[in-house]
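Visitor: Required output: the full structure, derived from the provided sequences and hints.
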Amino acid sequence: KQEVTQIPAALSVPEGENLVLNCSFTDSAIYNLQWFRQDPGKGLTSLLLIQSSQREQTSGRLNASLDKSSGRSTLYIAASQPGDSATYLCAVRRPTNAGGTSYGKLTFGQGTILTVHP
Amino acid sequence: GAVVSQHPSRVICKSGTSVKIECRSLDFQATTMFWYRQFPKKSLMLMATSNEGSKATYEQGVEKDKFLINHASLTLSTLTVTSAHPEDSSFYICSATGGLAEDTQYFGPGTRLTVL
Numbered sequence: 001k002q003e004v005t006q007i008p009a010a011l012s013v014p015e016g017e018n019l020v021l022n023c024s025f026t027d028s029a030i031y032n033l034q035w036f037r038q039d040p041g042k043g044l045t046s047l048l049l050i051q052s053s054q055r056e057q058t059s060g061r062l063n064a065s066l067d068k069s070s071g072r073s074t075l076y077i078a079a080s081q082p083g084d085s086a087t088y089l090c091a092v093r094r095p096t097n098a099g100g101t102s103y104g105k106l107t108f109g110q111g112t113i114l115t116v117h118p
Numbered sequence: 001g002a003v004v005s006q007h008p009s010r011v012i013c014k015s016g017t018s019v020k021i022e023c024r025s026l027d028f029q030a031t032t033m034f035w036y037r038q039f040p041k042k043s044l045m046l047m048a049t050s051n052e053g054s055k056a057t058y059e060q061g062v063e064k065d066k067f068l069i070n071h072a073s074l075t076l077s078t079l080t081v082t083s084a085h086p087e088d089s090s091f092y093i094c095s096a097t098g099g100l101a102e103d104t105q106y107f108g109p110g111t112r113l114t115v116l
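The listed protein sequences derive, respectively, from chains A and B.
With this note's numbering, letter number 16 in the first sequence gets 16, and the count goes up by one each step, no holes.
With this note's numbering, letter number 32 in the second sequence gets 32, and the count goes up by one each step, no holes.
Quick caveat, the hints were computed from the structure, so don't treat them as lab data.
We treat Cβ as the ideally placed atom computed from N, Cα and C, and that holds for glycine.
Do not take every clue at face value.
Claimed, not checked - With a straight-line Cα cutoff of 35 Å, these simulated DSBU-like cross-link-like pairs (lysine-lysine) come out:
1. A:K42 x B:K66
2. B:K20 x A:K68
3. B:K42 x A:K42
4. B:K55 x B:K66
5. B:K66 x A:K68
6. A:K42 x A:K1
Claimed, not checked - A few chain B positions that, by computed beta-carbon distances, are all more than 12 Å from chain A:
7. R10
8. M45
9. E63
10. K66
11. T75
12. T78
To be verified - Label pairs and their computed distance ranges (CB to CB):
13. A:G41 x B:N51: 27 to 35 Å
14. A:P118 x B:Q60: 42 to 50 Å
15. B:S15 x A:D67: 43 to 51 Å
16. A:R55 x B:Q29: 31 to 39 Å
Guide: Rendered as structure tokens:
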């Protein structure tokens, strides 16, 4: 059974800092990995999706890396801003066939609550 | 981009009543829809997966008679919490796949259910 762990559970940083959020998963046989942002009382916004064959994805100030063999992903946020304050969720999707071309459900980590203070 | 909406965003009901939550894909055909439940400061737990026109597949431990899911069209799925009790109070989020990126899930804004 896939388990996804995110560290730290909470992080508070001053504005402008670069920061790293960590995600680890127990089963390295994944189809893809996705990072989401969730604002309080809201749904999820997809930030980055990394296919199992990829090593990283970038979008603006965000960079996500994937080391499938070690079961780890990191989300790097550059020059953090108060508007980045949210819960960040990592989720992995498993393949459903031996060839890894068909995919199954997402398994979520518990999230990292990020607070960026001015 | 693909948009998923949910209605209502908040609902408060009395214990014993049934509540229906709608999930719609606004600009794409959702071949598969997912329903999640999220407790405060916890992660999302998948409740069930539904494909249009067929019965939903429920995760282990989820009562199918209590959480009725209907996926009658490619743009609409409904979750009905029957005979709701206070322990059913939670944040319910739907998600959908379809359109150009079949392996990407688009999430709705969630519905906060409070059962008194």
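Visitor: Each hint needs a verdict: does it hold in this structure or not?
Guide: Now for the hints, and whether the structure bears them out:
1. A:K42 x B:K66: holds, 24 Å
2. B:K20 x A:K68: Not satisfied, since the Cα-Cα distance of roughly 40 Å exceeds 35 Å.
3. B:K42 x A:K42: holds, 14 Å
4. B:K55 x B:K66: holds, 15 Å
5. B:K66 x A:K68: Since the Cα atoms of K66 (chain B) and K68 (chain A) sit roughly 38 Å apart, the hinted pair is violated (cutoff 35 Å).
6. A:K42 x A:K1: Answer holds: K42 (chain A) to K1 (chain A) is near 28 Å, not above 35 Å.
7. R10: violated, 9 Å
8. M45: violated, 8 Å
9. E63: holds, 19 Å
10. K66: holds, 20 Å
11. T75: About 17 Å separates T75 (chain B) from the closest Cβ of chain A, which puts it past 12 Å; holds.
12. T78: Holds: least Cβ distance 17 Å, greater than 12 Å.
13. A:G41 x B:N51: 27 to 35 Å: holds, 29 Å
14. A:P118 x B:Q60: 42 to 50 Å: holds, 45 Å
15. B:S15 x A:D67: 43 to 51 Å: holds, 48 Å
16. A:R55 x B:Q29: 31 to 39 Å: holds, 33 Å
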